[in-house]
Amino acid sequence: MIKNILQSNLVYSFVRDISAIAGAMVLVVFIFCALFAPVLAPMDPYDLTTVELSNSLMAPAWMETGSLSFPLGTDDQGRGILSTILFGLRTSLMVGFSVVVISSILGIIFGMLGGYYGGILDAFIMRTADTVFAFSTTLLAILLLGIFQSRNIWTVVFAICIAGWVKYARTIRGSVLEVKENAYITAAKASGAKDFRILFRHVLPNALPPVFVLMAVDLAVVIMLEATLSFLGVGVPITEPSLGMMISIGKNYIYAGMWWMVLFPGLTLILLVVAINLFSDWLRDEMNPKLALRS
Amino acid sequence: MVLLAVSFICFLIFRFTGDPVLMLAGKYATQQEREQVRIAYGLDRPFYVQYANFLGNALKGNFGKSYISQVDALDTILERFPATFELALTAICISLLAGVLLGVVVSIKPKSLVSRLIMAGSLGGISIPTFLMGILWVMLFAVFLEWLPPFGRGETVQIGPWRTGFLTLDGLKHIIMPALTLSGYQLAVILRLTRAGMREVLSEEYIKTAWSKGLSPFTVIVKHALRNVLIPVVTIAGLSFGELIAFSIVTESIFQWPGMGNLLLVSIFETDHPVIVTYIMMAACIILAINILVDLLYAWLNPKIQYN
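Protein chains in written order, with this note's numbering: chain A, 1 to 295; chain B, 1001 to 1308.
Because the hints were derived from the structure by calculation, they are not lab data. Just so it is clear, CB atoms sit at the ideal spot from N, CA and C, and this is done for glycine as well. Heads up, a few of these hints could be off.
Said to hold, decoys possible - Chain B is nowhere near these chain A residues, computed Cβ spacing over 10 Å in every case:
hint	residue
1	Tyr12
2	Leu35
3	Phe97
4	Ile109
5	Gly119
6	Asp122
Said to hold, decoys possible - Just some of the chain A residues that point at chain B, by a computed CB distance under 8 Å:
hint	residue
7	Thr228
8	Leu232
9	Tyr255
10	Val262
11	Gly266
12	Ile270
Construct all of the structure, not just a fragment, from the sequences and the given hints.
Shown next as structure tokens:
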């Protein structure tokens, strides 16, 4: 089993693609940091007993006013930037992965129903999708969260999913339309298989590859979106750590020359997104044989 | 049809998130005062009557008064419209012109150093979220170099109902950074689309024919190749207009640009429902109009497609 996996085309091309390896490695490091943030972080930035206002607005350790206990400086509440980044990564990745999983499941269900049954159901689902699509995920998420009275991580996830399932539905519907014309679907029908079985055993596995690519691309988009929402103040509440929120707080201090409150969380966010994009670029080339033939 | 659905959802939001009576009368109002407010705003009548009223008023352009300022919600938003429009227009122009131009450069000389730099930049454009890009511009041009003003719209000139920032040097200086920020993402997307399209088209037979006829490089690239690439590029640019509106909210918040997006954010924090609902309805109308325009433009650019 393991030998088979190691000899597969997927692993072979992965090992030979330096940027994909680099991207995957950075991603793994970030996920590790996020999982073990409570252990790795020098302090818990949201534990009020360890946060002291007298430590606020300190520069990174290598600068004159810095201190070794806060390697990357502190923010206006005396929270260490490094610790807050580690906890913020948790929020980013948690929102990112939950949204990608939930919205892809929603998209798969609606896309499959529409593509397989066609008719009024299909028309209704696709018109809804068109409308949601025209509004764009970002705008819809901002508006939805603007309306919600109480906000926490899960309302953010909910809003992004409501706005984000359509791309999955469109993709899966396209592949279902293609797959259902195949002879093996007719064969399955002829042998008396139920619709449910045909959909999940025969149609779905063959329609999935483009969805994997979309999920990888979408992960980067969702992480950026969460940061944007938190930056605008409609994302996670102030009591939760978030990279976007850190940048929004730090923005007020850049005119005073305190660049570290924006730059470090910003660089973390960029590095995370670039890493995911490098990985998803490789995945896209791999899952799309047409592109490979052309180049 | 879509507008009707949007209006219904807006109404539901308007009515059922939070108690508007509490908002209007204030926390310390007596029961009697609350009843008065309820009747004055028609909130005591049945659900469908309220919706019909809402719809009727909306058709007449009357979305009610802002809870906070007591001014007509539509007027409040329309007053902010020119600022947003000028910002969006500048951003679209930048991203279309620069995106197509750079895309062509990259596709003609894919291996040169300049092209590699441009492509690296476009990866950055896609990987750096708009809000971060805006702040980085501010740090560079306003804080570090001190070339450009960090926020606001600068001096404006009033022409009839339209307040423009295009006519003063100060206004133009103020629009540079917000417009660059807003155009960033779309520029990268258009660049990549143009590049992909050009690479495909340049290997076509009719381009080889054009070269072998001895036409000038300009004619071949612009008249023969680019023309065919532009159709999908323009379509995608038009269809992502919703995204542009969303990012204008972000940009306006960074630069404290006195536009509609900023107004929306303030209204969200003040739970000023009439303004939020009016904004949503306006955004829906604009997006729908643009979509229809793009469809028509598409049919006009590409005679193969016909609508019955």
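Hint check:
no.	hint	verdict
1	Tyr12	holds, 25 Å
2	Leu35	holds, 23 Å
3	Phe97	holds, 18 Å
4	Ile109	holds, 21 Å
5	Gly119	holds, 18 Å
6	Asp122	holds, 17 Å
7	Thr228	holds, 5 Å
8	Leu232	holds, 6 Å
9	Tyr255	holds, 6 Å
10	Val262	holds, 6 Å
11	Gly266	holds, 5 Å
12	Ile270	holds, 6 Å
Violation of the numbered hints given earlier is absent; every hint is satisfied by the structure.
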